[in-house]
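Number of protein chains: 2
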Amino acid sequence: MKFILYMNKKVEKLKERIVEISHLASISGLLSWDQEVMMPRKAIDARAASAAHLAGIIHKKFIDIDFDGALTNLKKQLDKGKLDDKERAIVAETWKEFEREIKLPESFVRELAEITSKAQSVWAEAREKNNFLLFLPYLSEIVKLKRKEAKLVGYKNHPYDALIDVYEPGMTTDDAAKILNDLKDFLIPFVKKISLSKQKINSKILEGNFPIEKQIKFNKFIAGKIGFDFETGRIDESVHPFTMGLHPYDTRLTTRYKKNNIFYSIGSTVHEAGHGIYEQGLPVEHFGTPLSESISLGAHESQSRLWENNIGKSREFWKYFYPKIKKEFPLPFNKISLDELYKTINKISPSLIRTEADEISYNLHIILRFEIEKEMIEGSIDLKDLPQIWNFKVKEYFGIKVPSDSLGVLQDVHWSCGLIGYFPTYAIGNLYAAQFYSVMEKQIKDIKNKISKGDFLEIKNWLNKNIHTHGKLYSAGDLVKKVTGEPLNSDYFIKYIENKYKEIYRVN
Amino acid sequence: MKFILYMNKKVEKLKERIVEISHLASISGLLSWDQEVMMPRKAIDARAASAAHLAGIIHKKFIDIDFDGALTNLKKQLDKGKLDDKERAIVAETWKEFEREIKLPESFVRELAEITSKAQSVWAEAREKNNFLLFLPYLSEIVKLKRKEAKLVGYKNHPYDALIDVYEPGMTTDDAAKILNDLKDFLIPFVKKISLSKQKINSKILEGNFPIEKQIKFNKFIAGKIGFDFETGRIDESVHPFTMGLHPYDTRLTTRYKKNNIFYSIGSTVHEAGHGIYEQGLPVEHFGTPLSESISLGAHESQSRLWENNIGKSREFWKYFYPKIKKEFPLPFNKISLDELYKTINKISPSLIRTEADEISYNLHIILRFEIEKEMIEGSIDLKDLPQIWNFKVKEYFGIKVPSDSLGVLQDVHWSCGLIGYFPTYAIGNLYAAQFYSVMEKQIKDIKNKISKGDFLEIKNWLNKNIHTHGKLYSAGDLVKKVTGEPLNSDYFIKYIENKYKEIYRVN
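Protein chains in written order, with this note's numbering: chain S, 865 to 1372; chain L, 865 to 1372.
Calculated from the structure, these hints are not laboratory results. All clues given are correct.
Between beta-carbon pairs, the in silico distance windows are:
hint : chain 1 : residue 1 : chain 2 : residue 2 : range
1    : S       : Gly893    : L       : Lys1329   : 37 to 45 Å
2    : S       : Lys1312   : L       : Asn994    : 54 to 62 Å
3    : S       : Glu961    : L       : Glu963    : 37 to 45 Å
4    : S       : Asn1313   : L       : Arg974    : 52 to 60 Å
5    : L       : Lys1329   : S       : Ser1004   : 47 to 55 Å
Simulated pairs of lysine-lysine, DSS-like, Cα-Cα distance not exceeding 25 Å:
hint : chain 1 : residue 1 : chain 2 : residue 2
6    : L       : Lys960    : L       : Lys1345
7    : S       : Lys906    : L       : Lys879
8    : L       : Lys1211   : L       : Lys1188
9    : L       : Lys1177   : L       : Lys1057
10   : S       : Lys924    : L       : Lys924
11   : L       : Lys1081   : S       : Lys1123
12   : S       : Lys925    : L       : Lys879
13   : S       : Lys1122   : L       : Lys1078
14   : S       : Lys1078   : L       : Lys1122
15   : L       : Lys1122   : S       : Lys1081
16   : S       : Lys1081   : L       : Lys1084
17   : S       : Lys1324   : L       : Lys906
18   : L       : Lys1056   : L       : Lys1177
19   : S       : Lys906    : L       : Lys1089
20   : S       : Lys1057   : S       : Lys1366
21   : S       : Lys1123   : L       : Lys1078
22   : S       : Lys1122   : L       : Lys1081
23   : S       : Lys940    : S       : Lys924
24   : L       : Lys924    : S       : Lys879
25   : L       : Lys879    : S       : Lys924
26   : S       : Lys1329   : L       : Lys906
27   : L       : Lys1062   : L       : Lys1207
28   : S       : Lys924    : L       : Lys925
29   : S       : Lys1081   : L       : Lys1078
30   : S       : Lys1084   : L       : Lys1078
31   : L       : Lys1265   : L       : Lys1248
32   : L       : Lys1081   : S       : Lys1078
Over 10 Å on every C-beta distance to chain L, these chain S residues come out as not near it, computed from the model:
hint : residue
33   : Glu961
34   : Ser981
35   : Asn1021
36   : Lys1064
37   : Ile1189
38   : Lys1191
39   : Lys1248
40   : Asp1249
Positions of the beta carbon are idealized from the N, C-alpha and C atoms, including for glycine.
Generate the whole structure from the sequences, applying the supplied hints.
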């Protein structure tokens, strides 16, 4: 009894330290949010300096977290199996992050920060000028450093393991390859079938004149209706939509608007609201510890995609919202049937740009990037061949010719930021979403009927209870097994896509 | 030569430290701004915790600033007269703040923080319930602590000196008493004269239906026109208008709106824009040092009041803006002449509430508070007699009977926050404004004509050059002498008020 008390006290001490760091990280998040959404234009350099000072303090506090050996001691207890579940999660996660941090020397971190800071503007210029060679030396340097990072951090089988682990903890390169290959084997022929279908969808019918003020109101209505809580969150506008969870009681989404197309904003609002509902569902009593952190990027993306696609682009969802949107915007919607609307928002149309991709071909964009990243980190391709490799794959996967590197290998900002190993989580998220949703459909009685009546509470509660409330108590791999009874795989997503699109496009 | 280089290096080292602290203080300011303007309702406790962690870090960094004796060394050089003007300002101001900080033990600071934190909600309840006795024990404790603070910090003549010095550095109780007594001797009979005037002004004529969106646009137009820069600032809405200068390139104002009265928002927008133009005019190259800090609260208030009253309620100002506001809001303004408008926005009507007071009687509100605070800190009044003392003074100064303590002694939040010594700066600001403006009128050729043409650039430049750009290089007392040739006094304000209101109210 005395021993346990002693243990808890040590964990409490560690908790105090990580909670303080989390509060500071939360402030750091506010600085970013404010920069994207509120900050006056000219404050950019001043803000960068303020943020850097804060980042320095956070880094130092984290590095010093074990100054008295408290964390090391707890790690020993952990290894001896002497901690309870929650303590285990707190100590293991903190240790993991700490270990990674101390394995990377400051000189390395600074070098990476400097090169990626420069690389982002060079990348922007290269994309604008359609000049891959401009970006190549920076990319080479970044890839070199990311390979070094993998080496410093360590890995079992594949250096890419060490990178993917940051975003999707516990997932290996082989895991990802297996799942994504299965998916690819299904997707390429399926996309081809759809492109040959006689069902043609004209997305122009959704265009109209949608005053932004009215769009904002309608977007907020949808977000609130599906369960985003405006007492603990807000929605604003930014160039690139994002969600910032500062605290379970302070979650901020952004979306974006196009005057002629309200589905442009609705799509990103529902997506971000999915992220936001996750953040709002993290257990507030554990704020600042891994028990109140999201489990992985893939799991996070599963929440946004589940709301955006599985629910938000379902017939039932629009059965409920269609009369509402018609009332606000009689034109063009009075002229369009629910069935037409449903098909149009689910139009499949493989294209060059990932961020504009439909629900199916999006995954091929990710698979392409995953395959290239893996080889970049292995060192098995020459980076100057990247445009050719890219274009070849696009032709193979989508049947499209890439007219310029700006619309090809230069389209994404990620590599210039040093984000390698991040892309797979986008596709993984879709798989999690489908797998979770298949169980939810069984467990929530009459779910389709509920959706079509605008009753989303049980869905939100199910997600809260089965996913959000656990924080990082389980690994993503364990959670998906716990909730769905089997490891993550592509079967559910494939089945979901087949069911949905065979009907829409009348293919088999 | 070598010696000077060495000196500069020491100052540079100190600068690095204070600049870091200023960046953190700037972040702390953003937290407050966000809390008032953006933050979701339920995040209040989480935000308090985040802000407290940051405040703790800032406090520790400031307390540690002299850890290697660098500041003490510089202070010795300062005392020997070995620093140049800018170095002197940096070292003297930092030393002053540091000395005050180390003179107040942490236990004292914590005690004051705790009592004022509780006192604010008790005050709110007391005001709502019109129950002064509820607030009395908290006020007693706060006054006791503020007297202790004065003792700990030290003072020459009057304990209140130590408190006023925080807000109006260099000004003593005797200085303030002299100036404010002169003012009072003029104001009481003058207000009486006006109240007996046959000129009656009906402020209802300005009422109408002003949609908030259109008000926001018009307020931004005015603020931009007088010189508030939206590339380095923004305007939002909050319950109590305020200005937050995070950096010369990031200054944020708030204002407030009433649907039936656009002058309600214009008044506070122009006021806050005056504060904002000061913040934006601080020299950016010295950010983080006293050279880029505002000189005093009184000086700050002079900038807001100068724009709000001396300029913003002048006939010339409205000669320019009246056609514009008429175009946006034909009703009620098409029915009102410029002369009627001018007189109505300058209506004098002594009333119970400070924040609703007109340009003249406002100062009597302040004088009343100053006299009471002085005696509270001397210990020469029994706090339980405060309501009687208050009501007696209101009767004497305004000729009005106070119907309830909620509309009397309980109306202001300041004392519950521990802000004692702050009130005088509001009146002092009006005096600075009039004194500065009288010189500006002589130095800017044809100023009235320029205002009536909407040409405010020279005025802004004059304020930038004569006041803003100096930061804390001079004391407020020295600056006013440098700019106007004489110490701060009430003559200019009295002359301004006489000129303006003798005409409006046809009194002599």
